[in-house]
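Trainee: Chains A and B, in that order, give the protein sequences.
Per the working numbering, residue 433 is the first one in the first sequence, and the count goes up by one each step.
Per the working numbering, residue 326 is the first one in the second sequence, and the count goes up by one each step.
Among the hints, a few may not be true.
To give an idea of the interface, some chain A residues facing chain B are shown, with a C-beta separation under 8 Å as derived from the structure [what the hints assert, rightly or not]: (1) Val462; (2) Ala499; (3) Thr505; (4) Thr627; (5) Arg658.
If you are wondering where the hints come from, they were derived from the structure by calculation, not from laboratory data.
From the three backbone atoms N, C-alpha and C, an ideal C-beta is built for every residue, glycine too.
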Amino acid sequence: MHPAPSVIFFSTLSGAGFGLLAFLGIGMPVVFGWEAFGHYFVAYALAVGGLVASTFHLGNPKNAIKAFSQWKTSWLSREGIMAVASLLVMGLYAASEIFLGLRVPWLGWLGAAMSLFTVFTTSMIYAQLKTVPRWNHPSTPVLFLLYALAGGAILAGNGNIALVLLLITAALQLLAWRAGDRRFAARGSTIETATGLGFMGKVRQFEPPHTGSNYLLREMVHVIGRKHARTLRIIAIAAGLLAPAALLAVTPEAPLALLALAGALHLAGVFAQRWLFFAEAEHVVGLYYDRR
Amino acid sequence: MTELPRSTERSLGLVIDLDTCVGCHACVISCKGWNTENYGVPLSDVDAYGADPHGTFLNRVHAYEVQPKTGGPAQTVHFPKSCLHCEDAPCVTVCPTGASYKRAEDGIVLVNEDDCMGCGLCAWACPYGARELDELAGVMKKCTLCVDRIYNENLPEEDRVPSCVRTCPAGARHFGDLADPDSEVSKLVAERGGMDLMPELGTRPVNKYLPPRPRDREDKIDILAPFLEPVIEEPEGFLGWLDRALGAVSGQGAGKETGQKESG
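Bound-form chain B, shown alone (with noise of 0.2 Å):
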């Protein structure tokens, strides 16, 4: 049923580290793998070689430009997106034949393919695009945390993790249960001061974001700076010759940089 559970036993979900991720979409390409190779029907692509390419995806790297208030130089942040297995998640309640829902056990949002008749509006309800029709197959594919991985007794224990977390080359992706607040996870949230995406919505995301660590900045290199001898401003040597040779040809003098110039 599309009606929410009204709390989950456990919040199972990411923790994805913005400082650390380094934008090589490994796990876009992991996630596609498995998803289409397992639960479910595959992750289509249309016109792959040919000059429209799209397909479905259910896990998206963005990349973003910060201009810090403070001045200095921009700083990229490359940001991974998927389902956030929101605690009020809107795409469920909407569904209209029940193929959405919420996990009570585990927290996880699934959408129950045999069910789906692809109305869309589930992905209406998402603020965060984490949910795609499948242009092919015509029924909702989403993020399903790998349920069919986390608790596969087949798989080798290191495994039993989402193929994007098992793969990311970076260990900018964490999974663990985020209703526990002595796991792993939720530690990683705590000290990092973990954020939701979009929190003006009230659709209170499990999946948390670590801020990028402020980057160093020179003028905090070390505060006897200042006081060091200062490196040579004038030329000497060849360099230096060549300075006054130049310099008397021009009319300028020789010495210090002034910088440009004027034109005219």
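Pulled out of the complex, with its shape left as it was, chain A reads as follows (with noise of 0.2 Å):
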């Protein structure tokens, strides 16, 4: 799948955001006044971002309020929704400790449910479809909220949450690499079942339907980046998930700094990691091209 940076930043921001707000929400820590406000600025500026990038790679955006329709089956439009109504909830919250001193406790346990839940409709986007075998699976959920709650455990200055998260997010993420990198011919889609032809024998392309490329081959048919796929394996788990987890191993009472740096190094590595989310997803529509 071509790994657009729109919805690389989109999913990258968003989670590290929507995670630190669930931790905001449950009083981890809890912050007032001008802390509180530097706080819920950094999450609402992720949060907030990530959503904004996502709406450029649409190619008709004026339609995009109409997103907010479709909750019924739509998991796209579900995360519209919950996005728009967590944000708004841990507002009503955020404002309170802001600028009244008071934490309202079921408002912020709610937002933070709310924040989270957010981030699983984002991953059912893609975990819902049976087209990209390498995304269709409970993983695929399991660690966007993962990669959601050590994101946000660093930027709350939770250390040792974050460490444990980080480490059991490592842990997954390899397995789930593993298993990946296996579904596409366990699912059993070939180009023998995508034509119906494999009653009669092996079937190879003989010449595509066109000689340029469309819109289904920049989209679903990248194979460009996964050239560097194990370089980037690498930086994730090194740069997102160990190194973040050996700063704070080391100082536990982390300094701002350190935690800021523990942060962009989280960021970078889960940028690379969703490259890769991208990059290496094969979609069965290569089948008929005979290409993956």
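Join these two chains into a complex; the hints should help.
Mentor: So this is what it looks like as structure tokens:
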């Protein structure tokens, strides 16, 4: 799949932003006044910045408002609704902490749950697609949530929790890559099932339907990004998960500068991970072109 | 709404005969023509006369080569591919704006371009590559089964079929109601073993493909062939003299061909 920068920015930044909101919502940490303003500013900048980035890949953004209408069937619609609703609920909670110096725990817990559910809805946009076997698996939402929580924990300054989450994420990410590499073959779609010609014999492409490229090939049979897959996997694990974990393990009472460094490393690693999430994903339509 | 109808009154669709299709791409061109001049935004072309021409098409003809399991020469199969108007269309339910829908009355899957925001998720959800986002208009385009032809009383009756069907010079494309077991298309499917593409994905396509018929094989032509008089194996006349003369010169002797000699 084509790793569109807008979507990579969106899922990385919004994930961390909603993860931070979730920790602020449950009172880890409890902050008031200017300190609260600083925390919520970072959280909203990430969450809203990501959402704004996601609209850049739309072909016809003037209809984006209509995306709130199909919550009954569409995970993308649910995501839009949940994102706005969580930001509103957390906005009320944040305003009361910033301006009134008052914490309303139930509102915070509600906002935290909604923030995490927003990340879940994002992940389900991908996990629901049977056409992309690598994504079509429970490990997709689990990892999206873990990355959001780990990033949120770093940004919220919860060093010990972040440390544990980073290590769990690293372990599950390695397992998910291993399993994901085999899933396309395991699902059994081949050029023979795609064409229905398997009963005759071995099928291969004789002539593509067009000499140039097209939307399908650009969007869904994107193979360029896979060249550096191994290196990017190492960067994602080392910079995104192990390096921040090491920083946090060495200095449990992490100062702000160190948290910022851990956060920046983590986000850089998640960018690499998200790039791979798209670039390595193989869509079954490639079978018609004898390419994956 | 993007909820799929529980059932449709009719299931209009295409039956494509892979045995008959000659791969001429006439269906591709007539589709592009009709759907550029009529319903919705035109199917744009980009850099049409430049170095990287590409554009939007609702129908594309692949060509495959099948190597038979039993040996023998490979067989070429021309393979037109467009929207299959699936019963369980994953492209419809993923749509966030309500632009994609499946009609309860005839099962046609359509995009309302006035509602489409061009996110492309429906194209991701489709296993068949049936949807293409138009690069210039930024909205999703797909086969409409020529909904603006098949019910169009301004057209002569014989033209009230999809443009690709009307134009196919080989008669490889058939249009009709696949929910009606007595329709011509349903009979064709029953008779010829019409098949679904990627059935393992559970989309339940309405469109069916008729598999290529087995090709005649030489060993099946005539069971009496082995009893016939063998054709002459020794050259006679002038060729016979030439054979003997050249054989004498090269020292290989005259007579039956022994195939390629080992070099050395």
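Trainee: If a hint holds in the structure, say so; if it doesn't, say that too.
Mentor: Okay, the hints, checked on the actual structure:
Interface restraint check for Val462 (chain A): the shortest CB-CB distance to chain B comes to about 36 Å, outside 8 Å, so the restraint is violated. The interface hint given for Ala499 (chain A) is met, as the beta carbon of that residue sits about 4 Å from the closest beta carbon of chain B, less than 8 Å. Restraint check, Thr505 (chain A) versus chain B: the minimum CB separation of about 4 Å is within 8 Å; hint holds. A distance limit of 8 Å between C-beta atoms decides the matter here; for Thr627 (chain A) the minimum to chain B is near 6 Å, and the interface restraint holds.
With a least beta-carbon distance of about 18 Å to chain B, the hint placing Arg658 (chain A) at the interface is violated under the 8 Å criterion.
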